[in-house]
Structure formats: C-alpha cells, structure tokens
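Trainee: Here are the chains, one letter per residue:
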Amino acid sequence: MHPVLFIAVPLLAAFLAGPLSQIARKGWLPSIILVIAAIAAGSMLPSVLVQPINETVVIAAPLGINLYAGPAAILLILVTSIFGILLTGSKELRDHFEKSTPSTVLALLHFAGIFGIFLSGDLFNIFVFLEIAALSAYAMTAFSDTTASLEGAIKYLLAGSIASIFLLIGIAVIYLHTGTLNLAELSSTMPMVPAAAKAVIISAILLALAIETELFPLNLWVPDVYEGSGSALSGLFSAMTIKATLYLLFRVITLFGVDQSIIDLLIGAGLLTMIVGELGALRQTNAVRMLAYSSVAQAGLIVAGFFAGAHSAAIVAMIAHSAVKAGLFLIIALAGLSGSVASLTGIGLKNKFVGVTATVLILSLLGLPPFIGFAGKLLILQGLNSSVGIGAVILVLVASLVEAWYLLKLVSLIWKTESTVEFSFKPIHTVILILPLILVIAGGVYPKAILSLTDKVANDLVDIQSYRTNVLGGSATIESTDLNGGTQ
Amino acid sequence: MNDTLFILTPLFFVALGVLGLFTPKSIGKLFPLIGVALAIGLFAYTPAYTGMISFDWIGIPSMELTAIISPIRLIFFAMLLLTLFVYGLATLNSKSNEEPFTMIAAGGMGIALFSGDLITLFIGWEIMTWGSYIPLLFRKKDHKAARRYLVFSLFGAATLLTGIILIGSHENSFLISSITRESAALGVPFMLIGFLLKSGTMPFHRWVPSAYSESPDLFTGFMSAALSKAGVFGLILAITLLPISETLFATIIAWLGTLTSLFATFRAIREEEIKGLLTWSSISQVGYIVTAVALGSSLGVAGGIFHAVNHTIIKILLFTVVAGIIARTGKTRFDQMGGLIYKMPFSFIAVLMGIIALAGMPPLGGFASKWLIYSALIEKGDVLQLVVVIAASTTAFLYNFKLIYGIFLGHPTEVDLSTAKEIGWGYRLALVVPLGLLMAIGMFPSALFTVINPILTEIGLEPILQGSYAIITTSLGSYNGLFVMETFGGAFAIILALFSLVKSKSRDLNRLDIAYAGETPTEKMPLHYGFAVGREIHRILFVGYWLKKSTTHFYNWVHSITNQFASLARLIYNGNMAFFFGVAFAVALLLWIIAGGNA
Amino acid sequence: MSSKLGKKRLFISPMHLLWAIVFGGLFFAILPAISGHESIRSERVGESLLVQAPAQSGAPNAVTAVVVWFRGLDTLGEVSVLFLVAAALGMILGRGKNSTEPESKPNEIVAHAKTLVLPHFMLTGLYITIHGHLTPGGGFQGGVMAAGMALLLILAGDRVKHLHALHFLEGLVGSLYALVAISGIWFAGSFLGNLIPIKTEAFGTLFSAGIIPVLYIFIGIKVGTEIISIYDNFQRREEA
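Residue numbers (the working numbering), protein chains in the order written: chain A, 1246 to 1733; chain B, 7 to 605; chain C, 4 to 243.
Chain A on its own, in the form it takes in the complex (with noise of 0.2 Å):
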C-alpha cells in the first residue's frame, strides 16, 4: 500500500470530478472518496502499527520528499476519514455538491490536502498542503450564498494567511541556517541553530500553527467563519481540519525539541483557550457558534494534555472530539439550516435515535463515564496534575462545568415537549450517526481497546529516535547524502 495514494486519489478525483460526479451522483463523491480512504487506512493500520511505511517520492530523503505513514497519521486519517463521511454524506452538504461541481473539487482538494498534512515529512510539502487544506477551506466557507458566509470565507482568508506568511517565514530561516527541509533531518539539527535565528523560527512558525489550531488568543476568527460556513461545514473543520493542523503542531514541536518554557506556554494557551472558549460558548443562542466555541476549548484541552505529557489521552481526546462534533453539528444540519438553538427544539420526540444520540454525545463531551470523553479527560488530567500541578485540573474541571452549563441546556432542548418545530428530515439521514453512537459508547466502555493504539500512535509522536531511522534509514546521520535510495 502506497501512503501518497492518499493524496493521488483525491487530487485524481478533484481533477476528473466533472465525470464523477455523473457516475457518483447526488453529490455522494467526497464520501466515497473517504469511505476509500478509510478502508483503505483501516487495512494499513496493523501492519503501520508494526512497521511504520516511509515513501520516497522519486527521490530518497533528505534529498527528496517523503511521505511517512507511521501510527499516528494513518489512525488519524482513519478517524478523521470516518467521522468526515458523517458531515460530507449530509443532506446540506450534498445539496451545494449536487449543485455545483466547484464545491466537490474543493472538497476533494480539501481532503487531498488533510491528508498530505498528516503524511508528508518535508517541512516545504507540508507547506503546500496546509495550502491546499486552507484554500479549499476558505472557498468552502462561501458555499453557502450568505453575507454572514462571505464573512466568515474573508476572514478564514485573512487569518489563514498571516499564518501562511508566518510558516513560510519560519521555513525559510529554517533552510537557511539548517540547508533541509526534511523533518526527520530536522530534529537532529535543529538543536545545533543559533540561538537567535531558532527563536525567529520557532515564534514564526508556532504563531502559524497556534492560529491554524485556533489557540487563544489567536482564535479570535473561529466563531465568524463557523458561523458562516453552516453546520455540516462547522462539523467537517471540527472532525478533519483541526485534527489535522493539531497532528502538525504535535509532529512539529516534538521533533524541534523546543524549551521547556514554550511547552509551558502552549499547555498555559492550551488551558487558556479552553476557559475562553467555554466562557464563550456560555449564552450562545447560535448552536453552531456555541459549538464552534466548544471546539477551540476542546482543542484547547488536547494541546494543553498532549503538551503537559499525556500524549496517549490527547490522542484519545481527539478520536472522541472528532466522534462527538461530527455527529453533534450533524444533528444540528438535520435540524434545519438556520443554526439557532432553538431549532433544535423536541428533536428528541421527533426521533429518539437522534435525540439519544445528541445526549449521549453531551455526555461525552462534558466527560462523563461510561463514555469515551471520560478516559481521555481523566488521563489529560493525570497529565496536567503530575506536570503543573492541582490548579490545572481545577481550571479544566471548572471550565467544564461552564460547558456542562451550555450544553445541559442544548439537552434540554432537545427533549422539550412543547415544540412548534417542523422537521423534514428522514430517519434514513439519521443511520450514519451510529457510528460516532458506538466509537463514543464502546470506546468509553473499554477503553483499553482503543488506549492500546493510541498509545502506539503517542509513542510514534514522541519517539523521535525512531522516526529518525524510519525515515533516513539505519544509519542516517546529519551528512547522509545517499543518492542511490530513491529513484531507480
């Protein structure tokens, strides 16, 4: 199995989704495309899991690119994949798909893009395709024809490209004192850069991917463009795009090998950002926004965990974090396209699938046992406790009782019986979501199952050695110019 078929594919498709989309109608391409990306990452995990594939691209690293597809990427594309087929299979996604063979290519190019992010191993590459992922997102942010859409697609511009600018910047001081690009490389020469010039390059390139991961305070943008894109487009940032640029910033900041007093700075932003985010979502009457708000929060939550050493329980955070959104801004799609709160209104009566659902999903979410959201929470809280201390836990404890204040009343509403609320969705739109329903109960129930990978997939982050042989060979070193590797 090839790792840049991830890419190929999608782009592939993009390219010819004018046929395919005749083949594939009614706007069902994006999610065959994942559904072939899933099966296709679920059938490589085993073997990754043993032994990680690095794939040269016509030329062996560090001369050329590679792609690396160890634990961590190919389970993440799996997760993000499967989750992502929820929100592209949705009716209010389909309908601009249908409409407009435009907003499939963007679409595809956005997967195409996410998928680079999590394999590439050449700083440039990844550049390219944080690129791709954030131009295919700001156009998606238009799709639909609204002021506050537009809106939301200038400002995802407008802050998408101070990162941009940012990342380049960093790339570029980085060629200049190291002379590659390559990641691997990387982490052992980056230690021997000056000082001055890995200051410029760590704060150019932390500020890029601390927007990208919509840290506080550089998240100020997020509400606004979830706003505008709409749920089912709220839910697919929240299930693919952040687990992405997350997985970056992971993968980044490990290999650098930065100070303690950065790690302590993003676990300070990452706790930072989940007490705003909270405080934000506090009084939403906008479920999307509300959700939109929850989202930074929780990734606010996994940065600070997988930062203050819990790097198996930030991985669980976010399978569960990509389950619980996907399915929540899912269930707001199927109630209607306005997005306020108070659509939601007796869905649970309308249909107790849904209803049950969405519960136990806020249940989750707040961290509630027997639910997945437990053992990640409980273990980033482990994490925090042994690595900040006890203030920690009680900053995130309290910040999640905030959410619990918001989210209760989404529940709430959702079992309300007085409702003048007319549905018109089908039951059949609701079967997809059985699979969050059954990550989120099965994985809080046994959560070992799960552990065990992601405990993998941490190792696979953490273990820069390792990464180091898998992808410049067994006896890479700094001067490693072998030529011969690649291309034949």
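Think of the hints as simulated: they come from the structure by calculation, not from any bench.
Bear in mind that the values here come from a model prediction, so they are computed numbers and not experimental data.
There's no promise every hint is true.
No more than 27 Å apart at the CA atoms, straight line, and that leaves these computed lysine-lysine pairs for BS3-like [claimed, not checked]:
#1 B:31 / A:1595
#2 A:1344 / C:117
#3 B:101 / A:1597
#4 B:31 / A:1597
#5 B:150 / B:101
#6 B:555 / A:1661
#7 B:101 / A:1671
Just a few of them, taken from the derived set where beta-carbon distance is under 10 Å, the chain A residues facing chain B [unchecked claim]:
#8 1273
#9 1404
#10 1445
#11 1462
#12 1464
#13 1523
#14 1527
#15 1528
#16 1629
#17 1646
#18 1675
#19 1677
#20 1680
#21 1694
#22 1700
#23 1704
To be clear about the criterion: a stretch of chain B counts as covered by chain A if any three or more of its residues have a C-beta under 8 Å from a C-beta of chain A, and this derived list gives those stretches [to be verified]:
#24 124-131
#25 562-576
Every residue gets a Cβ at the ideal spot worked out from N, C-alpha and C, and that includes glycine.
Using the hints, position chains B and C against chain A.
Mentor: Just chains B and C, lined up with the frame of chain A:
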C-alpha cells in the same frame, strides 16, 4: 467465578437499564423487580461477605478497576435493593416510563458502592448522576431543575475527581486499600465536598428541592431513599480514609449536618407542596446522619448507619404513598387536599407509621436510631450540637403533623371524595415491606447490629456488643424495643376499642353544618387548616431571620459573575480582523521574546 | 480630497506609529538571525540537488528537474492550488451569472491586432513549455502565456464559447498528470517515477529528460486552462 457474579450485579442493573431502552414499556417496567430478584438470587446462591474482582480497563496497571464487597458495601447495597424493590412494585401501577434510567442510576450507585478503587467509585458515581438526571427531563415543565441538578452534581463530581487525582498521583495507585494518611489528607477534603453535595447537606443543598419536585413522583422516592445514601456512603468512606474525628474538619462537617437538620426542618414546615415537605424533611434527616457519622465514634457511625437504614425505609414509604395519592388525585399541594382518610385508610395508616418513625417516636424504628445519635453526641460531650439536634427533631413534629393532617384529615378542598379511590394496588403492595420493616426494627432494634458491628470492625472502630435483639444497649443505658412495642400496641388497642365504642354516637359533619361567622362557606373555601401549619413560622424571631437567608443569592451571584466573564470573552471575540492582526503581531513578539530572541 | 483624507488618517492613531516603531525595531533585532551563509548541513539540500540533477534526470535545466521531478509532489500541489482557486472563483463568481456579453465595445486596435499577435504568442508559449527542461521556462510560464493569449481575445470581444470543452481539457490534463504520477509507483519504483527512460546519450535534446517534458506539457495546459477559466469567471455577469 460464582462468588464474583454477585459483585457484578450493578453491571447487570446497568445492562438491564440499557436493555430497557429498547424493550416495550410494559416489559421495561418489570426490570427493577427482575434486577432485585437477580441480586438476591445471586447472593443467596453464593452468600459472600467479602470478595474482590479486578478488570484491566484502560491498560494502565495502576488504574485497574476493582470491585469489592464488604459489610459496609453490602448494607448500603441492601438499602438500594429495598428501595428498588418498593419502587419496582409501585411503578407497575404507574404511568411513568423512567424505569430504564432508574436501573442505570441504581447500577451506577451499585458500582460506586462496590468500588475497590477511586476510579470505579467515580465511574459509578457519574453513571448514577446522569442516570438520575435523565428522568428529570421527562417532566413536561421547564427543564431548568434537571440542568441545575446535573451541573451541581458535576460540581460535586469535579471536586471528587480533584481529590481522586490528588490521591492517585500521590500514591501512584487508586486502590482504596492502599491510601495512606498523607495522601488522604490531600485528597479527602476535596472528595468530601462531592459527598456532602450528593447527600444534600447545606450549603450544597440548592439542587435538591428543585430536582425532587421536578422528578417523576416515584423516582423522587428513589432519589431520596437510595441516591442520597451514596453521599452518606462516601462520608463513611472518607472518615475511614482520614480518621478525622479529632480535627476541626470533623467539627465543621458535624455542624454542617446539625444546621442542615435544623434549617431544613424550618423549611419543611413552611412548605406547601407535599413533595416539597418530604424533600426538606429528607435533607434534614440526612443532616442527622452526617452529624452522626462525622462524630467518628463507634456510637456515632452506628447511629448514622442505623438512621440511614431507617431513613431509606421511611422515605421510600412516604414518597411512594404520596406518589400514589398524587397519581390518584392529580393534586400536589396541601391546600388542595384533605379528608382523604375516608377513602384511603391504608394510605393513612402507612403515612401515620411513616411519620411516627420519622419523628423518632417510639415504638417504631426511628426512635432507636435517634436515640443512638443523641447518645453519641452526649458521649462526645457536644452539648450544643445535641440541643440543636433535639430542637430540630422536636420541631419536626410540626411538619409530620402537617403531612398527615393536610392530606387525610379535615374537609376535602379540591379533591372530590365521591370519586377518590385508595392508591393503586401496586403502591399498596409495595408498602407492605417497608411497613413490616419499620415494625420489625421497632421491636428488635439491636438486630441491626448484627450487620452494623461488622461494619464498625471493618472501618476500624469498636463494635457495640448487644445482648438480645430486642434490647439495644449503649454506654448510656438500654431499652427494650419489644416491650415498648407491646406497651404502645396495648395502649393503642385499648384506645381504638374505646373510640369505636363511642364512634356509634357521633356523626360526620358536612359542609352545611359549619357556621362560619354567620356564613356558609363556599365550595372553594378550604375547611381544614392543616395546610396552613407553619405558614407564619417566619414570624418567630430567630427562625424568620434564617429563613430569609438563602444560598440562592450566592449561586445567583456565581451565575452572574460567570455571565460577566462570558460577556468579557465575547468582547474579545468581536470579529474585528484588524484587532486580530494586532493580537497576532503582539503574540508574535511575545513568542519571540519567550523563545529567547532578545537574549 | 483623497490626499487630505490620507493626511488626516496618518495622525488618527498614534498606535499605528507605535506599531511601526516596534516592528521596525523587531526587524532589525532579528536581522542578524535571518542573514548568514553558513548552514548546518555542509551543503544545502538544494545545492546537492542542483549538482546531481542533470545526471539523474537528464535535464540540463537543473531547476526544472528539481521543480518538476525531485520535488514534483510540491508542484502537483501547486497546480492543485491553481485548480482550487479556479474552482473557488467559479463557485463564488459563477453564482447566478451566465451572461457573457461584453459591457462595452472592445477597443478597435486590440480587436484587429489580435490576429497578428496570436500566432506569436502561441508559438512562444508552446516553445517555452516543451523546452522547460532545456532552457529557462517551463509549463508554468508557457501556460501563463497561453492564458495571456486568451486574455487578449477576451479584451478583443471574444468569449469562451466552449466552456465545457475548456473544463474537460482542464480535468483531462490534470487527471493525466495525476495518473502518470501514480503509475510511476508501479512502473518506475516511485510516485512520479520515470516512466520514460532517460537518454543520457541524447543529453540536451528534446527527448532526453524522461517524463519531465511530458509533465511540463500537462502543467502548461493545466495552468493555461485554469487561468482562462479564472478570466472567464471574472468577466461573467448577471443577466440583465
């Protein structure tokens, strides 16, 4: 393997609850009874008093889930089973549909009770919490109470979790048996807040009245009788982990319990809703238990457990009767009731026995436990506390009187006596067991010590040896329950005989017999004054002052502060991209400085 | 008027001046960090590649070999970005707009000159594209020239008549690019692998550099069609 099956009973409960979500309502209603039968069957099959089972849940050795059974866990589980049994019988006759969630909550509580480590405790605790939250959503009214209940519970859970993490990281193990004094001193204070909150002790009681009044009527009984005991269990666990009896901390908790019992009694007297009265009464009774347990002495803990058992029996009895009456009449307030004794004699007797026990009057079981608590306070020398507890207990007569008079005596106001019927057969059947138990405990109070003594030994206290089942002995003296019961029974029989002799010469009054200052009262005018008992209680000097005090203001303040912070957060999220650019560049500068750029 | 407004705005917020000073200072502070010629690697990756490119790829223009081949995945990504932009503009600008009528009459000179300029444009573009591996230039530049030709036609009053054909070509070339790249996995050992053998003996001739010229032709057509469709989207307007 066989003896481990019983430990897994809580899991079966949860499984039954989940199954109940997918089965028709009529079958789901049987599940509480099936669960109780299963538990009793498994226990009878392999009567185990100790046992342990572990499960590698998360792949981290120090975080293995462990379930154990021990005497203290068994007695609390028995209370749960009793509640579930009564609830299960009564619910057969009701229109409610919350049974699956009751089973989940019961299972969660069972998991918490059987927990051998703190993670299991927390998991059970939380399953219990959200399992009991969902029935609150079934009421057609505003769901604010449900949300308040869960948020308060989550606050308790958050403090609990803080304590658990502190202990776990200090010990590198979550096993309850491996907790040392030092780590307990770190974590137990946090955990205690969670336990006190669940038991509804002031000042964490704010959620109780609204949650109880908004929950389905039978489920309220379950919450009051069973779920509040989880807090008591936690409290006993806490004093086991951290022998706090000598510290200031214990004094504070004991006083919190004492004051809870007093102020909740005042509130109960003033209450106009029937369930509201029982709610405040429940808070007040748990206050006694907390006081007793926090004393930390053998007598105190024994009294606390004894009172917990009594309270379970009494509250499931009273709540079930009241639920039956509300189901029959559709009325919930005292001023709508009255005169139901003619149509509901069985309910009347049930409530009568319930309030006798609740007031702690001989000859029923309530007396024994209160007597133990008083003895414990005297033994300890906490005279001031004793005075308050006795004051609360005496004042409680008022609301007990209101309960029985408001519902059954006087003239009916809004209830149509011609169509009113006795409460449903399921309710009546359900009440037989608690009534029998009250009588039995009244006659043989020390029989309970056969289970309390092993508990005292288990938690490292001196057992209180008892001679015969009928005679309960403490350091302060002894009394013979059987003798008291015989005396009271005899007196009761004589008075009843005399009364029935005189009865033939009396006749019932009707509305027209009453000359009301020269007017004939209209249909709407209430003719019994039971409902008005305690209406003017706030005019009493000290009581009125405290009744005006309420934690509501504090929680409203927290709410408004949080909202102000939320507004502040939204002020930053103003969608102004120029502002964002400024922030981005400022952060870039900051990052550069932190990354060591200025060095 | 505008100058007056501009003057006024200059002094509206002293914060701007402050920011300017702060970031000006920051720029000079980081200047030493971002200048310098020494790299930790004895030879930067790019330099190594440039040295090895001609021998390995058969392309005298080493930059092309790096762009199209060694770092071909980046180029594929960049072509996708262009495609993406065209699609996005098509989506946003194309909503409810289907009239292609010019708003005003085209310039007479342009309309006449187009026939004169067109062949030269086309030939140059073609040459640049297919000689990308030999001389400076390549698919991007050639494609832009082709697109410039289309812009000239549009200015001269012509309209893209066969939009479907354009999109078909766009998709076809893009997919061919991707397919050639993918088939390299199985037929040439790596993604973007060399399907066509490199003729080292014919170094410096048109058919020497394996698939690089083929890919550059795809890139050229792709870039050209994308830019044309972007123009097309810009000049569409809502039907009156």
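Trainee: Are the hints correct? Go through all of them and say.
Mentor: Outcome of the hint check:
| no. | hint | verdict |
| --- | --- | --- |
| 1 | B:31 / A:1595 | holds, 18 Å |
| 2 | A:1344 / C:117 | violated, 37 Å |
| 3 | B:101 / A:1597 | holds, 19 Å |
| 4 | B:31 / A:1597 | holds, 14 Å |
| 5 | B:150 / B:101 | holds, 23 Å |
| 6 | B:555 / A:1661 | violated, 33 Å |
| 7 | B:101 / A:1671 | violated, 30 Å |
| 8 | 1273 | violated, 31 Å |
| 9 | 1404 | holds, 6 Å |
| 10 | 1445 | holds, 7 Å |
| 11 | 1462 | holds, 5 Å |
| 12 | 1464 | holds, 8 Å |
| 13 | 1523 | holds, 9 Å |
| 14 | 1527 | holds, 4 Å |
| 15 | 1528 | holds, 6 Å |
| 16 | 1629 | holds, 9 Å |
| 17 | 1646 | holds, 6 Å |
| 18 | 1675 | violated, 16 Å |
| 19 | 1677 | violated, 20 Å |
| 20 | 1680 | violated, 19 Å |
| 21 | 1694 | holds, 9 Å |
| 22 | 1700 | holds, 7 Å |
| 23 | 1704 | violated, 13 Å |
| 24 | 124-131 | holds (count 3) |
| 25 | 562-576 | holds (count 7) |
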